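Peer 1: We have chain A; now place chain B onto it with these hints.
Sequences listed follow chains A and B, in order. Note that this note's numbering has the first sequence beginning at 3, numbered continuously upward. Note that this note's numbering has the second sequence beginning at 13, numbered continuously upward.
Calculated from the structure, these hints are not laboratory results. Keep in mind that the hints are not guaranteed to be accurate.
DSS-like mimics (lysine-lysine), calculated; alpha carbons at most 30 Å apart, straight line [what the hints assert, rightly or not]:
no., chain 1, residue 1, chain 2, residue 2
1, B, Lys132, B, Lys113
2, B, Lys48, A, Lys122
3, B, Lys84, B, Lys68
4, B, Lys48, A, Lys188
5, B, Lys58, B, Lys68
6, A, Lys94, B, Lys58
7, B, Lys139, A, Lys94
8, A, Lys190, B, Lys58
9, A, Lys188, B, Lys95
10, B, Lys113, A, Lys190
11, A, Lys209, A, Lys122
12, A, Lys94, B, Lys44
13, A, Lys94, B, Lys132
14, B, Lys132, A, Lys122
15, B, Lys132, B, Lys168
16, A, Lys196, A, Lys209
17, A, Lys122, A, Lys94
18, A, Lys122, B, Lys44
Between beta-carbon pairs, the in silico distance windows are [unchecked claim]:
no., chain 1, residue 1, chain 2, residue 2, range
19, B, Leu17, A, Glu51, 46 to 56 Å
20, A, Arg61, B, Ile29, 12 to 22 Å
21, A, Phe283, B, Lys44, 37 to 47 Å
22, B, Leu17, A, Gly157, 18 to 28 Å
23, B, Ile29, A, Ser42, 45 to 55 Å
24, A, Ile234, B, Leu21, 26 to 36 Å
25, B, Leu21, A, Gly99, 21 to 31 Å
26, B, Ser54, A, His56, 44 to 54 Å
27, A, Ile234, B, Ile29, 51 to 61 Å
28, B, Ile29, A, Ala21, 27 to 37 Å
29, B, Lys44, A, Val35, 32 to 42 Å
30, A, Arg91, B, Leu21, 15 to 25 Å
31, A, Leu100, B, Lys80, 49 to 59 Å
32, A, Ile291, B, Lys68, 41 to 51 Å
A quick note: this is a predicted structure, and the numbers were derived from the prediction, not measured. We put the CB at the ideal spot given by N, CA and C, even for glycine.
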Amino acid sequence: MTGKRHRGSLLKIVVLTAALFAMIIISFIGSKVGSGIVGSEPVSFLDVEAPKYHPAPERPFSNLPITNTMITAWISTAVLFGLFFIGTRNMKLVPTGLQNFLELIVEAAANFIEDPAGEKHGRWFFPVCTTIFLFVVANAWVSLIPGFETISIHGEPLLRSANTDLNIPAALAVVSFCFVEYWGFKAKGISYLKTFFHFGPLWQALKQIFTGNIKAGAGGLLNGVVAIFAGILEILSHLIRMMSFTFRLFGNMTAGMILVMIMLFLVPWVLPTIFYGMEAFFGFVQAMIFGGLTLGFACAAVMEEE
Amino acid sequence: MEGFLGLTLPSFIGQLINFLILLGLLTFFGYKPIRKMLDERSNRIKQSMEQAEATKREYEQAQVEVEKQISKARDEGQSIIGKAAQGGERAKEEARQEARKEAQAIVERTRAEIERERDKIVDELRKEFVDTAILAAERVISETLDKGKHRRLIEKTLEESATLRRN
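If we strip away everything but chain A, and leave its shape as in the complex, we get (with noise of 0.2 Å):
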């Protein structure tokens, strides 16, 4: 009995790989590259566009200074403030439905962001880490929805991942760069100069070496040059990671999108769906990355140096 309904659900799986394998081919030999190969005319519609990629976002309204990504981005922001608007009306203490998964989203970013940071400067960074995750997670899902890249007005896409406008990393980086600053100042006061103009050291040697104790004077000299140099780097650092905060989140989520428009121009059936779910995980992966290194430079500038 048992082993019946195992042989026939084994049948129905080869079945449905055989299938999907069919499709799979029906649909390389259809395309364009395919059919070029084979020698054949291309099926009408297997017949997918060529992917063209700017790197600029396009702008579907000619007369307005509106672009694809713009949209996109409000779309994420309404989406993300509907689900938080409405899943807030009505707060229950036993949580029921979206109160419940926007608790848990909330909760789990909350211990995310206060084991690191503690309890007190967690709730600084709260919200900043919180809305970036979710920002980046909201722009990297809403893309895979069909239509996106592939609706057309005037010729240019009607909507477009809005990670693969460099507007939008570089805003979040500059966004993460100005928090991590102010947390740093709020957390030291002026103090937090230091990390980036360090003379105290130099300073102290040079003041040895002038009051005659010169042999500890010149070891400090050394240590002096050596904090200034530092402070550079910090400085250095700070900067150039807005950079990779940047390129990282554009070159990801652009090399998605031509990933997935390759393979849709290849093999339009079946085969893009297995990128379709690795660019939902990469989003995710990216946006977990994006908020967390905001954490990491955050409790970095808010740190007690011994």
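Peer 2: Okay, now just chain B, sitting in the frame of chain A:
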């Protein structure tokens, strides 16, 4: 208009503002109420845990109290039973003694009665005997002796003999 890889200042500023608006909206409509709710819930849970703990402690205390009272009541009952038994014993003893006394009294009274009766009879007998003796003596000694003197003499003699016998 188009900068490096599409980086343009207006677009950048627009996205910056967009993100800051989102940050503000989510903070005030999302994170704050949710975190408040989470804190409230954790407080509530903590409170109810403490309450449960307190109730448990109270219950245990009450149980101890009840146990104590039960044992106290048992002791009291025991002592009451003991006292009652003692009282009964005493009452029985008293009743027995009373009965004995009563019996004694009846016996005594009866004896006294009998004695009195006997004395009366003895007296009467004696009187009769005296009379008879006098009569006899009268007959024997005729009328030599004064009758009153004679009687007194005999009576005295009898009296002596009577007291002797009675003792």
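Peer 1: Lys94/A and Lys44/B: Cα distance at most 30 Å?
Peer 2: Judged against 30 Å, a Cα distance of about 15 Å means the pair holds.
Peer 1: Is Lys132/B within 30 Å of Lys168/B, Cα to Cα?
Peer 2: 17 Å, holds
Peer 1: Between Ile234/A and Leu21/B, is the Cβ distance one that fits in 26 to 36 Å?
Peer 2: Given a distance of about 28 Å, which is inside 26 to 36 Å, the answer is holds.
Peer 1: Assuming the hint says 12 to 22 Å, is it satisfied by the Cβ distance from Arg61/A to Ile29/B or not?
Peer 2: Holds: the Cβ-Cβ distance is about 19 Å, inside 12 to 22 Å.
Peer 1: In this structure, is the beta-carbon distance linking Ile291/A and Lys68/B contained in 41 to 51 Å?
Peer 2: For Lys68/B against Ile291/A, whose Cβ atoms are near 48 Å apart, the range 41 to 51 Å holds.
Peer 1: Is it true that Phe283/A and Lys44/B lie within 37 to 47 Å of each other by Cβ?
Peer 2: 31 Å, violated
Peer 1: Please work out if Lys122/A and Lys94/A have their alpha carbons no farther apart than 30 Å.
Peer 2: 26 Å, holds
Peer 1: Need the status of pair Lys196/A, Lys209/A: alpha-carbon distance at most 30 Å?
Peer 2: With Cα atoms ~19 Å apart, Lys196/A and Lys209/A stay inside 30 Å; holds.
Peer 1: Holds or violated: the 27 to 37 Å window for the beta-carbon distance between Ile29/B and Ala21/A?
Peer 2: 50 Å, violated
Peer 1: Decide if the proposed pair is consistent with the structure: Lys48/B and Lys188/A, CA atoms, cutoff 30 Å inclusive.
Peer 2: 24 Å, holds
Peer 1: Determine whether the Cβ-Cβ distance between Leu100/A and Lys80/B falls within the hinted range of 49 to 59 Å.
Peer 2: Since the Cβ atoms of Leu100/A and Lys80/B sit about 55 Å apart, the hinted range of 49 to 59 Å holds.
Peer 1: Against the 30 Å threshold, does the CA-CA distance of Lys94/A and Lys58/B hold or violate the hint?
Peer 2: 18 Å, holds
Hint compliance for this structure: hints 7, 8, 9, 10, 11, 13, 14, 19, 21, 25, 27, 28, 29 and 30 are not met, and every other hint is.
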